[in-house]
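Student: Read off the chains here:
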Amino acid sequence: MDAFFHQVIAGLATGGIYASLALALVMIYQATHLINFAQGEMAMFATYIAWTLVEAGMPYWAAFFLTVAFAFVFGVVIERIVIRPVENAPVLAVVVVFIALLVILNSVTGWIYTYTIKTFPSPFPAEPIFGKYLTSHQGGAIAVTLVVLLLLFAFFRYTPLGLAMRAAAQNPESSRLVGIRVGWMLALGWGLASAIGAVAGVMVAPIVYLDPNMMGGVLLYAFAAALVGGVDSPGGAVFGGFLVGVLENVLGAFVIGNELKLAVALVLIIGVLVVRPSGFFGKVLVTRV
Amino acid sequence: MSRRQLIVLAAVLALACVLPFLVSNYRTFQFNLVIIYAIALLGLNILTGYNGQISLGHGAFYAMGAYCTAILMDKFGVPYWATLPVAGAVCLLFGFLFGLPALRLEGLYLALATFALGVSLPQLLKYHQLENWTGGVQGIVIAKPEAPAFFGSLGLRLNPDQWLYFFTLAVAIVMFVLAWNLLRGRVGRALVAIRDQHVAAEAMGINSAMVKSLTFGVSAMYTGIAGSLGAIAVQFVAPDSFNIFLSIVFLVGIVVGGLASISGAIYGALFIQFVPNVADEISKAAPWAIFGVFLIGFVYLMPMGVAGALRMAVARLGRKRQNT
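First to last, the protein sequences are chains W and L. Under the numbering used here, the residues of the first sequence are numbered 1470 to 1758, in order. Under the numbering used here, the residues of the second sequence are numbered 4 to 327, in order.
Calculated directly from the structure, the hints in this document are not laboratory data. In this text, all values refer to a predicted model and were calculated from it rather than measured experimentally. Among the hints, a few may not be true.
[Claimed, not checked] Which bits of chain L does chain W cover? Going by a derived footprint, with three or more residues having C-beta under 8 angstroms, they are:
(1) 53-62
(2) 106-117
(3) 285-293
[What the hints assert, rightly or not] The list that follows gives simulated cross-link-like pairs (lysine-lysine, PhoX-like), each with its CA atoms no further than 25 angstroms apart:
(4) W:K1730 to W:K1587
(5) L:K147 to L:K78
(6) L:K287 to W:K1587
(7) L:K323 to L:K287
(8) L:K287 to W:K1730
We put the beta carbon where it would ideally sit given N, CA and C, even for glycine.
Bound-form chain W, shown alone:
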């Protein structure tokens, strides 16, 4: 029972990271109805920036916030330059552009930083401060995830800019009529998603270590999390993230073994898409033919 409890808590910690990345996916999905396959690599790239800053001697939290700011600008720039031209293109074209972004970021990072695995520092003390079940990095990661969630909730609920962004995502035509610059709201959405992704990357790097392919598995779990929760529901994505994290750890430890952990994500993704494509909290889509 003790071991089981331990796995659940560890699952919640990684689940928080999946939840962040899933949230980033959902934000872009809500605004554009696209799933960003390059989200993981964008986060990975930002994590490398953080690593460079920390290596250069910058204090951890200064590097952290600078990285998040960088990721925000990076996301905005990518939306403006790369995604803009294919905004109204067929799905295939958009997917191809996302995949292109994925491989470019992956290879450029490999080019600059080489493919050797690097360790990444954790800002939290090494000795456990949350009792015996939780390392302090796990506890810290959960806390950071929750803070990010709260900030996002407040931003979208209580600020005019957040309201404008929600409006632009929900009803672009009417928003344009009341003077919201929809194109820029999309770009800001990309920036925010990229920044959230960067937080996830920095939090997961001490666990999976830093290398250009580190986000492959994490992205898959984030996909699963977003789908389980409902791909258009931010709250659902967070719930899905924690659920997938716990499932992955518990099933990996007790049922199928660590070797098949990724298959959990595969089965979840296909299962949800086939049985209930709208997830737990998503809107059921009805298309008029």
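For chain W, the structure is supplied; the task is to place chain L on it using the hints.
Tutor: Chain L alone, transformed into the frame defined by chain W:
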């Protein structure tokens, strides 16, 4: 086919036949891989180009074909040529079964599901319960087939590389003729109709569900046979050579070669085989950076790929000649 097309086709075939006698063994091996990739790309193009179902995980079917061949040759002593139909049938079945739930998934979601398949496949191949069959992380080494003695008695001495090249070429010709027949007729029109207007296609009496799953199966079969030929050519299969990047290579191939085009498979195959060779000299990461840039470039500037650009160039030349 017009007369000009027939002449071009005959010239290409003649070139393909004399090629192994003109270049080194290593080049012959590379051209062998080009033909293998062309078959795989044709399979993906049937699905994505003609039928509009996006697959980011076709490397999985390539791996399935490769492993079928390797296991049959290594564990059961089946001759290499007899493994092709088995690999094809297995992939047809798995493709069809994967296509059934995929029916409910449109566009983006199918891309997501197949992406998940592509990412998680190496782990499945490494699974220790299957190690007796798959060889786990080590993979399987298989023997290189020799040219049959029959050719030697005709006075034609083929080394193993040349023999494999011609074997692959023969299989490829059969596969391309089959695909051409399939795509130019009723079935091909049904595929395109479902891609462009699935509601109208159904109203015309096309069983959309059946056609889509079958297309998935046929597409997987093509890629699986390519994988099986690839295993014979490389004489080695291992889980890590079938990661998600293999599936992305195929995507690069059909986008560069030309979507919904049979000849595009050949241009795409040449591209994915030879561009990394050149780019490797710059840096280990360079091929992928170049692939990525080409992907974006083609989507923006040349959405019909090399095949489409050639078609347009030929049409323009033809018009000019008529005007003068």
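Student: Look at each hint and say if it fits the structure.
Tutor: Tested hints:
no. : hint               : verdict
1   : 53-62              : holds (count 3)
2   : 106-117            : holds (count 8)
3   : 285-293            : holds (count 7)
4   : W:K1730 to W:K1587 : 23 angstroms, holds
5   : L:K147 to L:K78    : 15 angstroms, holds
6   : L:K287 to W:K1587  : 18 angstroms, holds
7   : L:K323 to L:K287   : 45 angstroms, violated
8   : L:K287 to W:K1730  : 29 angstroms, violated
Violation of the numbered hints given earlier is confined to hints 7, 8; the remaining hints are satisfied by the structure.
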